[in-house]
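There are 2 protein chains.
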Amino acid sequence: MTSRSEDVGSSGLPDSGSPDGSESATVYRAAAPGTAGRVQVVGTGLIGGSLGLALRARGWFVTGSDTSAERAAQALRGGALDSVGEDLSAQIVVVATPASSVAGIARRVLTQPGRPPDVVVTDVSGVKGPVVAAVDHPRFVGGHPMAGSEQGGFDGADPELFTGASWVLTPSPGTELAAFDRIQSLVTSLGADVVVLSPEDHDRLVAVVSHVPHLVAATLMNAAARDAEHDAALLRLAAGGFRDMTRIAAGHPGIWPDVCAENAPAILDTLDHLLSDLEELRKFVSARDRAGILRFLADASEARRALPSRAFRPEGLAELRIPVPDREGVLAEVTAVAGGIGVNIYDIEIAHSAEGQRGVLLLLVAGTQATGLRDAVSEAGYPCTVHNLS
Amino acid sequence: MTSRSEDVGSSGLPDSGSPDGSESATVYRAAAPGTAGRVQVVGTGLIGGSLGLALRARGWFVTGSDTSAERAAQALRGGALDSVGEDLSAQIVVVATPASSVAGIARRVLTQPGRPPDVVVTDVSGVKGPVVAAVDHPRFVGGHPMAGSEQGGFDGADPELFTGASWVLTPSPGTELAAFDRIQSLVTSLGADVVVLSPEDHDRLVAVVSHVPHLVAATLMNAAARDAEHDAALLRLAAGGFRDMTRIAAGHPGIWPDVCAENAPAILDTLDHLLSDLEELRKFVSARDRAGILRFLADASEARRALPSRAFRPEGLAELRIPVPDREGVLAEVTAVAGGIGVNIYDIEIAHSAEGQRGVLLLLVAGTQATGLRDAVSEAGYPCTVHNLS
Numbered sequence: 001m002t003s004r005s006e007d008v009g010s011s012g013l014p015d016s017g018s019p020d021g022s023e024s025a026t027v028y029r030a031a032a033p034g035t036a037g038r039v040q041v042v043g044t045g046l047i048g049g050s051l052g053l054a055l056r057a058r059g060w061f062v063t064g065s066d067t068s069a070e071r072a073a074q075a076l077r078g079g080a081l082d083s084v085g086e087d088l089s090a091q092i093v094v095v096a097t098p099a100s101s102v103a104g105i106a107r108r109v110l111t112q113p114g115r116p117p118d119v120v121v122t123d124v125s126g127v128k129g130p131v132v133a134a135v136d137h138p139r140f141v142g143g144h145p146m147a148g149s150e151q152g153g154f155d156g157a158d159p160e161l162f163t164g165a166s167w168v169l170t171p172s173p174g175t176e177l178a179a180f181d182r183i184q185s186l187v188t189s190l191g192a193d194v195v196v197l198s199p200e201d202h203d204r205l206v207a208v209v210s211h212v213p214h215l216v217a218a219t220l221m222n223a224a225a226r227d228a229e230h231d232a233a234l235l236r237l238a239a240g241g242f243r244d245m246t247r248i249a250a251g252h253p254g255i256w257p258d259v260c261a262e263n264a265p266a267i268l269d270t271l272d273h274l275l276s277d278l279e280e281l282r283k284f285v286s287a288r289d290r291a292g293i294l295r296f297l298a299d300a301s302e303a304r305r306a307l308p309s310r311a312f313r314p315e316g317l318a319e320l321r322i323p324v325p326d327r328e329g330v331l332a333e334v335t336a337v338a339g340g341i342g343v344n345i346y347d348i349e350i351a352h353s354a355e356g357q358r359g360v361l362l363l364l365v366a367g368t369q370a371t372g373l374r375d376a377v378s379e380a381g382y383p384c385t386v387h388n389l390s
Numbered sequence: 001m002t003s004r005s006e007d008v009g010s011s012g013l014p015d016s017g018s019p020d021g022s023e024s025a026t027v028y029r030a031a032a033p034g035t036a037g038r039v040q041v042v043g044t045g046l047i048g049g050s051l052g053l054a055l056r057a058r059g060w061f062v063t064g065s066d067t068s069a070e071r072a073a074q075a076l077r078g079g080a081l082d083s084v085g086e087d088l089s090a091q092i093v094v095v096a097t098p099a100s101s102v103a104g105i106a107r108r109v110l111t112q113p114g115r116p117p118d119v120v121v122t123d124v125s126g127v128k129g130p131v132v133a134a135v136d137h138p139r140f141v142g143g144h145p146m147a148g149s150e151q152g153g154f155d156g157a158d159p160e161l162f163t164g165a166s167w168v169l170t171p172s173p174g175t176e177l178a179a180f181d182r183i184q185s186l187v188t189s190l191g192a193d194v195v196v197l198s199p200e201d202h203d204r205l206v207a208v209v210s211h212v213p214h215l216v217a218a219t220l221m222n223a224a225a226r227d228a229e230h231d232a233a234l235l236r237l238a239a240g241g242f243r244d245m246t247r248i249a250a251g252h253p254g255i256w257p258d259v260c261a262e263n264a265p266a267i268l269d270t271l272d273h274l275l276s277d278l279e280e281l282r283k284f285v286s287a288r289d290r291a292g293i294l295r296f297l298a299d300a301s302e303a304r305r306a307l308p309s310r311a312f313r314p315e316g317l318a319e320l321r322i323p324v325p326d327r328e329g330v331l332a333e334v335t336a337v338a339g340g341i342g343v344n345i346y347d348i349e350i351a352h353s354a355e356g357q358r359g360v361l362l363l364l365v366a367g368t369q370a371t372g373l374r375d376a377v378s379e380a381g382y383p384c385t386v387h388n389l390s
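Going down the list, the sequences are from chains A and B. Sequential numbering of the first sequence, starting at 1, is according to the working numbering. Sequential numbering of the second sequence, starting at 1, is according to the working numbering.
Just so you know, these hints were derived from the structure itself, not from any lab. None of the values given here were measured: they were computed from a predicted structure. Please note that the accuracy of each hint is not assured.
As the list claims (entries may be wrong) - Chain A stretches covered by chain B per the calculated footprint, using a threshold of three residues with CB under 8 Å from any CB of chain B:
id: 1; region: 96–109
id: 2; region: 131–142
id: 3; region: 246–256
What the hints assert, rightly or not - So, partial list: chain B residues that the calculated Cβ filter (under 8 Å) puts toward chain A:
id: 4; residue: ARG115
id: 5; residue: ASP118
id: 6; residue: ALA238
id: 7; residue: GLY241
id: 8; residue: ASP244
id: 9; residue: ARG247
id: 10; residue: GLY251
id: 11; residue: CYS260
id: 12; residue: ASP269
id: 13; residue: ARG288
id: 14; residue: ALA298
id: 15; residue: ALA336
id: 16; residue: GLY339
id: 17; residue: ILE341
Said to hold, decoys possible - Here are the simulated SDA-like cross-link-like pairs (lysine to any residue), alpha carbons at most 25 Å apart as the crow flies:
id: 18; chain 1: B; residue 1: LYS283; chain 2: B; residue 2: ALA298
id: 19; chain 1: A; residue 1: LYS283; chain 2: B; residue 2: LEU275
id: 20; chain 1: A; residue 1: LYS283; chain 2: B; residue 2: PRO265
id: 21; chain 1: B; residue 1: LYS283; chain 2: A; residue 2: GLU200
Idealized CB from N, CA, C, for every residue including glycine.
Kindly produce the complete structure, drawing on both the sequences and the hints.
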């Protein structure tokens, strides 16, 4: 949704894909080197490297660095960078380092003399609450692409890593609309599917769908390995199901101390629920409660079959148009209202008017939920309209 | 290993792949209809149906039945059966029904008037201890192909379902060697990899690699589905890892009440270990013990990477040749000795001599473990020799 020229771009106004309303915006999809703008990437591992490849293919001039000089050199040789080092004139800085170092780097960039006054910083780390709180800056937009890991090496870098992947952005009440818009446009241009969540919701949800499943996979694998020491036949019996369940445990363990430490509250809460659910299931088995076991497994089977095969959009979508007042916090407020009534936002965009930050916030939601969201958002102080899309 | 003619078959003696030393043995791999012998399949679902397809392709005359007449008719139309009903002259009867009905059917066949006196019965159910104990017959050989499920419908039937799969056989001390040999030859001819375990070892190992992982997958899926009711974004964040971990939960829930009831002791024991391991991991997270978390996940990563990509054979194999005395129990005793000292049996075969059941038991094991096993087996009363294979 980076080129909705029918909305605002038909009379010389900047295209809505514009990162900052400057001239560079109109070349978002051009591939001529450096013509899209300048991005600095800190950390050139799997995600930073893939970003470099994808951005350069879209015409960005990409400068990057890494704590390992060899890895930065590898990214340069591999075509992910135009230059190694810092780029003080970059409009966007992506911090693609492990979570523990993100806040320090982001704060340094945002206060660094010589940077453009509207420079926007984002990151790719897997836990958002502590990072967003620690940076606490209107031009920092927390991000988390649900693909790869910031600690994989450059060797796995792939310009298509993000195509079709969900990429969470976590604006906070203080986030500048223009800053969010710039990152949202960048992410969308990579083919990723933007999901807007509060940092806290993000952390709770990834504990459920990512962190705790990973810990469980590791636990299953360790238990099987321990048993296999006593009985070599065990691993020969490990068929597809066991392989599927433990595959993620093969990943690089290096990010997990950070993730577990930073997302400890949500992980502990989710683990406790899981332990309690397993205890309940244990009681069914212990009591030979066939009906209880069948119900438990039938529920799971039904839920798994209903799991969409990938991030999907429902058939009938509607667009909510919310005139954006000239103050901060609207984005976080509107997305919180949507989350509160269970409305999923399939796409989000800010269509600029000519007057700088003023504009229209466009939300794409399921047609069946659009009027409910319109009423709730209007009630929250943002009168808006619904437009059904054909 | 169905045609080791250099051992016993070079002078007109039956090929070692012979199920019973009769003429039909020599056509094991012929595809002419009905020339390999006669098999009756009870239950024509996924496994029974796949077996019918695979056996008919190898020249067997296959008769089958199902509690659903329609499903039996479907198997006939689908080419898995030559005939619907019972075949009193079948040499082998495969009971491919849910676990709870196996013992009754097997006992009835084994005592049915008009059956050949050497008819052999096997089954395909996922829990072996209770079934083997309930049938308790020298010509019943418990089996468990680690592929598909006895409750999948015929629609998924596939003659290649067993190619490369592990297929556990669970002889007990009373099992007749000739009966075991006949089933082992049949299974091997389907391209499956025979794994010989005691019924108790089988049940313990499948609890670890199959039953408890399945219950955990269902628990994770149910927890996520519950959360998704409150936050629609959750399922959009479910990336590959979560999908992998919950995939098996989509399976047909119908077999699980039986499996959980019949394998309850091993499942409860494994669940208790898992719960205790998860509690330990919870302590690491709660204490922000980065070193503990890293060690736990690094162990899992290493173990998962070491998991063979499928059933594998080590490079250097050696063959143990054990002259088989004319009494029962040798098979269970020898495999128990091997299991007791942690030796994996990669293949097993009985090379017949001309005198009926007497012959040589051939075990294929890792070269590095062969002399240890030879000493242990000899000490147990079965003097034997090692032959290193090139």
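Results of checking the hints against the structure:
no., hint, in the structure
1, 96–109, "violated (count 0)"
2, 131–142, "violated (count 0)"
3, 246–256, "holds (count 10)"
4, ARG115, "32 Å, violated"
5, ASP118, "29 Å, violated"
6, ALA238, "5 Å, holds"
7, GLY241, "4 Å, holds"
8, ASP244, "5 Å, holds"
9, ARG247, "5 Å, holds"
10, GLY251, "6 Å, holds"
11, CYS260, "5 Å, holds"
12, ASP269, "11 Å, violated"
13, ARG288, "5 Å, holds"
14, ALA298, "4 Å, holds"
15, ALA336, "12 Å, violated"
16, GLY339, "7 Å, holds"
17, ILE341, "10 Å, violated"
18, B:LYS283 to B:ALA298, "17 Å, holds"
19, A:LYS283 to B:LEU275, "13 Å, holds"
20, A:LYS283 to B:PRO265, "12 Å, holds"
21, B:LYS283 to A:GLU200, "23 Å, holds"
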